[in-house]
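Undergrad: Protein chains in written order, with numbering that gives the first Met the number 0: chain A, 0 to 240; chain B, 0 to 369.
Just so you know, these hints were derived from the structure itself, not from any lab.
Worth double-checking, as some hints may not be accurate.
[Said to hold, decoys possible] Here are the simulated EDC-like pairs of lysine to aspartate or glutamate, each with C-alpha atoms no more than 16 Å apart in a straight line:
no.: 1; chain 1: A; residue 1: Lys114; chain 2: A; residue 2: Asp90
no.: 2; chain 1: A; residue 1: Lys84; chain 2: B; residue 2: Asp17
no.: 3; chain 1: B; residue 1: Lys8; chain 2: A; residue 2: Asp90
no.: 4; chain 1: B; residue 1: Lys65; chain 2: B; residue 2: Asp52
no.: 5; chain 1: A; residue 1: Lys84; chain 2: B; residue 2: Glu200
no.: 6; chain 1: B; residue 1: Lys215; chain 2: A; residue 2: Asp72
no.: 7; chain 1: A; residue 1: Lys130; chain 2: B; residue 2: Asp17
no.: 8; chain 1: A; residue 1: Lys140; chain 2: A; residue 2: Glu127
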Amino acid sequence: MKSMISTDRLSKTFGSFTAVDAITFDVQEGEIFGFLGANGAGKTTALKMLTGLLTPSSGQATVAGFDVRKKPDQVKQRIGYMSQKFSLYEDLTIRDNIRLFGGIYGLSNRDIREKTEALLEKLELEGEAGKLVGSLPLGWKQKLAFSVALLHEPGIVFLDEPTSGVDPLIRRQFWELIYEAAANGVTLMVTTHYMDEAEYCDRVSIMVDGKIEALDTPRAMKKAFDAEDMDEVFRKLARGA
Amino acid sequence: MNRFAAFIKKEFRHILRDRRTVLILFGMPVVQVLLFGFVLSNEIKNAAIAVLDPSNDAESIALTNKLVSSGYFRLEKTLNTTAELEPAFRTGHIKMAVVFPPDFAASQDDNTREAPATVQLIGDASDPNTATTLINYANAVIADYQLEKAGAAPGVPVVRAETRMRYNPEQKAVFNFVPGVMTLILMLVSAMMTSITIAREKELGTMEVLLVSPLKPIHIILGKTTPYLVLTLINAAVIVMLGLLVFGMPMRGSILLLAGECVLYMFVALSLGIFISTRAKDQMGAMFMSALGLLMPTMLLSGFIFPRESMPQVLQAIGVIIPATWFNPVIKGIMIKGVGLDVLWKETLIMVAMALFFLALSMRNFKDRL
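Generate the whole structure from the sequences, applying the supplied hints.
TA: Below is the structure:
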C-alpha cells in the first residue's frame, strides 16, 4: 500500500483567522476516506489546498506523490473533482460534456470516443447522449458527473458533498459507484454531512475548528466514544469543542 | 494546446446553442444602427408653423414665403388674433408661430423710428431641442432676408457669412451615430457578455471544476474571451459595412488602422468585463454592474449623444475615464477625416494604457477571488 494523500502540519490562515490548523493525515491507495466536520470547520479550505485551488500558508502536502505547492500541474492532471454544486454544464448535451472534460484533461479524440461509448453504456444512457444534461433527473446528473470526473483515470477523486440534496435511495446507488471505483484502485476523499454516509467510509476524520479531532475507522471511533452511531460521535466531539 | 482548443470549442457551442444570445449578438447591432440612422435624426423638415400677420403687406408676405420655401417650415395655419395663438400651441398643431407687427413694411423704411422692425418668433418649448432648432432655422432665414434687403440699398456695409461644413457637408446625423453605436455595441458585447458568461460559471459552480482541472487561469480567461473577441470583430465589420453601404459614410482613412483600433478598444472592454466578473457574485450582478457602470456612461458621457463641451465639469471629468470617449474620435477621425496615427496617437496611447491597467487589475483579482 502506498499513500496517495499525505499532509504534514498543513495550515491555512486568512489574516489572523486560522481556517486549517496544522492537520496531519495519510490516505492509502484505494481507500474511501471520509472528511467530516461542521460548516466552517475548515474542511472545504483543506480540500481546496489539496486540489490546488488555494496555496497552503505552512506545512506540507503531497497528492498522488507530488507536492501541491511545487507541482500543482502534476497534481491537477492526476485528480478528479466533483463539487457539491453540480459540476457539469446543464445547457450542453451529455456527449458535449464528456467531450469537453476529456479534452481539458488531454485525452486523445479516439480515447474520448471510446470512453464516451463505454460510459454511456454503463450508465444506460445510450439513447440520451444528445440530450441536454439539464433535462436529466438529479440522481442521474450526479452519477454522470462522477463518471466524468473518473474519465481521465485519476488516481484520486475528491468528492465535495456529492450527494447533498439527493434522496436516500439515489444516495445508495451513488455509493455503489464509489465502491466500484475504490475496488478498481481509485482513492476517494469524500466530504459529507450525512452521518449515515460516514459509516460507508473505510476511515473517517472529523474536523473541529480547523483541527482534526478524531481519525479512525467508523467502528473504532464509535467504540472510543461509546456511541451508537456516527451521529452520536459527531455530537460528542462537537460538544467537547 | 488541445485542452485549450476543447475549451474554446465548448465556449462557441455554448454561445451558438442559445438562440437569444445569437440574436442579441448579431441582431442588436443591425437594429441599433438602422434605428439611429433612419429614425432618430436631428434634422427637422416641414415643421408646422402658424403666421399671425396683421400688416399683410408686400414685405411680410415676402418673408413668410421665404420661410415656407426654405423647406424647414410648412404653413399650417393663418391666425387672425393673438388669442388664437394659445389654442394652436395647446393642441400641438403647430411647433412655432411667426407674429408680424401691424405696420411691418412701413416700420422698415422709417429710419427715424427708435425701435426697428420686429418679428416675433414663438416656439413650443415643451420640446426644447426642436424649439431651439426651429428658432435657429427661422433666424437664419430672416438674417438672409435682411441681407438681401440691405444689398439692394446702396451705402450700407454688408457682411455676408459664408459657412462650409467640412467633412460632412450635408450634416448627416448618421455620421455621428455609426461611430457612437460602434463604441456602444463593442462595449456591450465585449464587456457585458464576457462578464456575464464568467459570472455564470461561478454561479453554477463549473468555474471550480475548471480551476481544479489542468487548465491554467490564463487559459480559462483566454478561452472565455476569445470567442467574444471574434464575434465582436464580426460585429464591428457589420456596423462599418452598414455605415458605408446603407448610409453612405466615407472611409477616408486606413481600414487596417480602424480594425487595429477596434481590437485595442475590445481589449479594454474585455478586461473591464473580466474585472466585473471577478467582483460580481452572479449573472444578475454582472449584468447590472456592466449596464450601469459601462453602458450608461458610454452612451451618455462619452459625447456620443450629448456634446461633452456642454456637460458640467464633474461629468466631463468622469467622461475622461470612459474608453468610448477616446475611441469615438478615433473612428470619426479615420472614417470621416481620413487621418492616421500621426493625429490619433494620443487617443491610442490612452486606450493602450487603459487596456494594460484593467488587464493587470483583473488578472490579479481573478487569481485572488476565484
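Undergrad: Any hints this thing doesn't respect? Which numbers, in order?
TA: 1, 2
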